[in-house]
Amino acid sequence: MAKKRVLCIEDHPEMIELIRVILERVGFQVEGAVGGRDGLKALQENPPDLLLLDLMMPDVDGWEVYRQMKADEKLKRVPVIAVTAKAQSIDRVLAMHIARMDGFITKPFGPKELVTSIERVMGGLPTADKVSGEDATKEDDVETPAGSPAPQDRERVS
Amino acid sequence: MRDRIASWLRRNEGHIVPAWIKLVRFRGGERDRSLTTKELERQFFSDFYQSFVHAVESGNLERVGQVLERIAAARVEEEFQLGETLDIFILLKELLWERIDDAHSPQTLMAWRQGIEPVFDGCFRLLGQAFTRASRALLSERLIEAEFMTRRLAIATEEADRALSRLRILYNVSRAVSSTLDQRQILAAVAENLSSVSQVDRCAVWLADSDGRELSLAVAHGIEAGRLHGAFLPLEDNHSVPVRAFVTRKMQLVTHIDDEDTEMSALFRQRMLLAVPLPGEEWPVGVVTVDRLASDRPLETAVVEMVQSVVDQAGVALQKARLYEELVELNRHLDHRVQERTEELAHLNRDLSKLNKKKSDFVAIAAHELKTPLTLVQGYAEMLAESGVYNLPPEVMNRQVAGIIKGVDRLRTIVEDIIDVSLIDTEVLSLSIELTSMYNVVEMVCRDWMEVVQERKQRLVLHRFDDLPYIEGDALRLHQVFGNIIGNAIKYTPDGGKIEITARQLEAEPGRPPFVEVVVVDTGVGINLDEQDRIFDKFYRVESPELHSSSKTRFMGAGPGLGLTIAKGIVEAHGGRIWVESEGHDAVRCPGSQFHVLLPVRSAWGDFQARADIGEVVSEHVRGSVLDDSSTG
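Going down the list, the protein sequences come from chains F and L.
The first sequence: position 142 = 154 (our numbering), numbered continuously.
The second sequence: position 115 = 136 (our numbering), numbered continuously.
Some clues are possibly wrong.
Derived BS3-like pairs (lysine-lysine); straight-line CA-CA distance at most 27 Å [what the hints assert, rightly or not]:
#, chain 1, residue 1, chain 2, residue 2
1, L, Lys-379, L, Lys-392
2, L, Lys-559, F, Lys-98
3, L, Lys-378, F, Lys-98
4, L, Lys-380, F, Lys-98
5, F, Lys-98, L, Lys-427
6, F, Lys-16, F, Lys-88
7, F, Lys-15, F, Lys-124
8, F, Lys-124, L, Lys-392
9, F, Lys-98, L, Lys-379
10, F, Lys-124, F, Lys-16
11, L, Lys-478, F, Lys-53
12, F, Lys-53, F, Lys-15
13, L, Lys-392, L, Lys-378
14, L, Lys-478, F, Lys-98
15, F, Lys-124, L, Lys-427
16, L, Lys-380, L, Lys-392
17, F, Lys-98, L, Lys-392
18, F, Lys-88, F, Lys-98
19, F, Lys-82, F, Lys-15
Just so you know, the hints here were simulated from the structure itself, not pulled from any lab data.
One chain only, chain F, in its complex shape (with noise of 0.2 Å):
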């Protein structure tokens, strides 16, 4: 079985570096693309099985990335993971209930919550024995939005 493959678009270089470490050690394949623009670009070439994406970027913003994303008929239905510094709760609710993005996590973040919205998302890791057991308790870094159906139920895009 191919490796799951995670794109990160992101305008921190060592950002990324840091997701690719976390990521690869637990079984994913980490792309990573440098601001909003390269992350399009990216993501049409290539569509991954999950889009991990930073929403404060100075050229092309994530809302912009997720929006596009949402209009292509091909990308639509990638699972998203909003990525972002901002902490207040105007964004978690704009992200989970109005964007209705798959999931929400804050920097700084430990690579265990990472680790934990992903398996959410994706509804279990490539390598679950390892650190499934672990995560259960960091539910609330995670959310899933009111009234939609699962994320586990959705239709995955390999």
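Since the structure of chain F is provided, determine the placement of chain L on it from the hints.
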């Protein structure tokens, strides 16, 4: 018969004597108490009655006549109670005839009658004449007196009339000035009422100017009042009667205006002029003049007094009015001030909330900027902790430790930048000034960046300018300035581009120390005109630098956007200027940008002065060429 008459007379003493006494005692209309009744009786008998009785007893008619005539003459001479003396004579005559009728033969009777009658007639005539004369004298005297009284009455009436009219004027003025707090109205009431006084033709009110140089006409009323319009009386003019009244604070009354004084004679020709100072709080506030066209006869004292009293009253009313006006003015002023203050406060409030917004934006952005490196540190550290340091292959451990160090570096840079911006914002950035070679500073910065430049395949060209004067500056801070500017140029210049640094000396005014200008020219993407000021604002970024940078320098590009803000703060703290010139932003054509840094050779100048001077040089410079080749080496 003689005896009988005499005895009758003696018998009738009881009637005659009291009548006589009464007569004498009320002589002159007043009861004369100096003589007793007895004395009066004795006087009567000795003076008059005795001689009369003796004359009658003697039977000598001629003698009786003589006595009667003597008595009458005495009475007439004294002109005393002639009427009553006449009555006594009539009584005497009747009594005499009555007794004679009874006792005598017709012949005797006739003889007596023929003898006495003419005497009585004579006496009567004499008394009558005297009476008439006296009465006439009395009458004429009374007439004169009456006439005199009439005239006095007329005069009194006239006086009363005038007094009444004065009172009426006083009352009018009093009512007018107490019913208003308007100074103009008070003065108008004074002028109008005083000009209607019977002996006055015209009244004018003059007020002292605020600078105390002259009295100028406030209001005039009466005959030829228009002649005075716009008139003023310089206070230096000692000859002027109103000025004298004003200066001496004493009423002045003149009846003849000096013809030689042209101004005065033009205003008050040949007239009676009364000038009364208009009292103020301490000094008079003006003068009221009252004058007369027709006559130069002085005014009646009563009129003068009335004018004085009207003016005094007006003075008090004016003072009241002034106080009221001041109060109103104060109120208005207060209102105005309150409004002004409110506006100021509202303005301040807006500024403060703007500032507050900026502050919270700053905090939010700063926090946001800090969170990314914090995530790096946390991520690598947790992974290290999870795996256990000794269980990791060295290369994995090294990678993770390098990640932590990178995050910490970045955290430090951001924290330092934020501190610098705070220092600049609060104007507490302190410089350690020393003689500094700008060339050395810039050269050192270029060395710092050389590795990156080479990696980006850019060219960094530094023209020598070590011949320029050393400046008074903080070498470390200036290093920071050019580090940020040159780093910025590298970031926004595509791979293979060029960054060129030149400098020159700019002269200020003659005798003033010159400036050193350093210009950093790149072949980057350029900056739009409307953004050329804003790039020095906090957290401002023109566009993502990632577009034109290779992966390694992307890290450098993703700063918090404080570099130029700090550069500007440091340059301005030196009394210098920083600005950018660029045709505009074009990522394809790359028109480039030129960063200019102008620093005074002597930073110790008064800040304000220095800034003003720099302003001139800068505008001159902007008009001229951007780069001066001759100064580059």
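Against the structure, the hints come out as follows:
1. L/Lys-379 <-> L/Lys-392: 20 Å, holds
2. L/Lys-559 <-> F/Lys-98: With a Cα-Cα distance of about 19 Å, the restraint between L/Lys-559 and F/Lys-98 holds, given a limit of 27 Å.
3. L/Lys-378 <-> F/Lys-98: 17 Å, holds
4. L/Lys-380 <-> F/Lys-98: The hint holds at about 17 Å.
5. F/Lys-98 <-> L/Lys-427: 22 Å, holds
6. F/Lys-16 <-> F/Lys-88: 17 Å, holds
7. F/Lys-15 <-> F/Lys-124: 20 Å, holds
8. F/Lys-124 <-> L/Lys-392: 17 Å, holds
9. F/Lys-98 <-> L/Lys-379: 17 Å, holds
10. F/Lys-124 <-> F/Lys-16: Answer holds: F/Lys-124 to F/Lys-16 is near 18 Å, not above 27 Å.
11. L/Lys-478 <-> F/Lys-53: With Cα atoms ~26 Å apart, L/Lys-478 and F/Lys-53 stay inside 27 Å; holds.
12. F/Lys-53 <-> F/Lys-15: 21 Å, holds
13. L/Lys-392 <-> L/Lys-378: 21 Å, holds
14. L/Lys-478 <-> F/Lys-98: 37 Å, violated
15. F/Lys-124 <-> L/Lys-427: 21 Å, holds
16. L/Lys-380 <-> L/Lys-392: Holds, at about 18 Å.
17. F/Lys-98 <-> L/Lys-392: 9 Å, holds
18. F/Lys-88 <-> F/Lys-98: 24 Å, holds
19. F/Lys-82 <-> F/Lys-15: Between F/Lys-82 and F/Lys-15 the Cα gap is close to 24 Å, so the pair holds against 27 Å.
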